Amino acid sequence: MNILIDLFLTFAKIGMFTFGGGYAMIPVIENNCVERKQWITHDEMMNVTVIAESTPGPIAINFATFTGYKKAGFMGALVATVGIVLPSFVVIYLISMLLDNFLELTIIVNAFKGIKIAVGLLILDAAIAMLKKMHKKKLPRAIMICSCIAMLCINIFALDFSPISLMILAAVVSLTIFVINDAPEQKGSANR
Amino acid sequence: MIYLDLFLGFLKVGCFAFGGAYGAIPLIRDVIMSYAWLSDETLTYMIAVSESTPGSIMVNLATYVGSNQAGFWGAVVATVAVVLPSFFIILLVTAFLKSALKNKYVQAVLSGLKPCVIGFVLATGVYLIVQNCLSGSNGMNIDIISLVITLALAIIMIVYKHISKKKLPPIMLIILSAIVGMTVYAV
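Line order of the protein sequences matches chains B and Y. The first sequence begins at 4 in the working numbering and counts up by one. The second sequence begins at -5 in the working numbering and counts up by one.
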C-alpha cells in the first residue's frame, strides 16, 4: 500500500479510537507504530515522548508528525497529522451541531463513566510498561519517584504549577551529575 | 474579527501548553475566559466531553469552541491554530534529531527527562483511578460500584495478558467499559 495512504489510515484509526487524550494514546501508538507496522523503534518512541513532553502542544500531534516525517518526509508528516486530527474533528463538530446537551443523555453519561475507568487503567498500564523498560539505576529511579509524587500533589491540591518546571529541574539535576562524573579531574577545583 | 481571534487564541494555546492536556487545562481556561467564549460551567462540561470523545483533549476543545463561536470555518481555524506550533516544532526537532541525539550532553538531559515523564504518566494514572473510585461532594466517600468495575477491568486485563501472552487491545477495553458502564450505572 502507498505509504502516505497507510500513514493516513493508521493515524486516523488511532485518532478515532483513543479516548482520554495524550497519555492514553501512547499504548495505542506503540501497538500500531512500533509493534505492527515497525515504523519507529521503542527507543524512538521514548525519545518522542520526552520531546512531546518538553515541547508545547498536544502529545498525539507530536507522534503523528514525527512518525510521518520519518517515513515519508514533509508530506508524510502532514498526512499523518491530518489523519490523527480528522476523526475527533468530525466527532466534536457533530456533537457541537447536533447534540448540544450530549452529556445529559443518561445512557451516554453512564457509558462515559465506564470509559473513564478504562482510561485510568490504560494510563497506569502504560506507566507500568515504561517502568519495566526504564534503566534500573538509582538516579532515574529517584527522579521518577520524585516527579510522580510532585505530580500527584499538583493534581490533588490543584496547584498552579507547571509540570515543565519539574522537567527542567530533572534535566538540570541529571546534566549536573553527568558533568561531575564525566570530568573527575576537575572535581576538586572547578565545581561548587 | 472572530476568525482572527480564534486563530490567535488557539495559536497561543498551541505554543504555550506544555505537558499534555492535563497540564494545559489552566492555560486553555485562561484564554477562553479572556475572550469570554464559554462560561465557566460550559467549559467544565466541554472538558468532560473532550476527555470522553476520541482524540487529543486540546484539539477537541479547539474544535468545539471554534464551531460554537463561528460554525464550521471557526472549527477549522481553531483546530489548525492549536496543531500548527507542535507540527512545526517537531519537524524542526526531527530534522536535527539524529545528530543532536548522539551528543552526550543531550543524552544526559534525556536520561533525566525520561524517568521524570514516566513519573508524570504514573501519577496521572493513579490519580485518575483513585478519583474515579471516590464520590460525594467532598470526594471522600468510596464509590463501591466504580471500585468493583475498576477491579473487574484490571483483572480482565491481567488474565487476558497471561492467557494470550498479548496485551488486551486498548480499544477492546474501552468498548467493554462503555458497555459495563451503560448496564451497571443504569440499574
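Quick caveat, the hints were computed from the structure, so don't treat them as lab data. Heads up, a few of these hints could be off.
Computed footprint of chain Y on chain B, listed as stretches where at least three residues anywhere in the stretch have a Cβ under 8 Å from a Cβ of chain Y [claimed, not checked]:
1) 78 to 92
2) 111 to 123
3) 134 to 144
4) 150 to 162
5) 166 to 177
Just so you know, these numbers come straight off a predicted model, no measurement behind them. Glycine is no exception: its CB is placed at the ideal position from the N, C-alpha and C atoms.
**Report entry** Unsatisfied constraints (hint numbers, rising)
**Finding:** none
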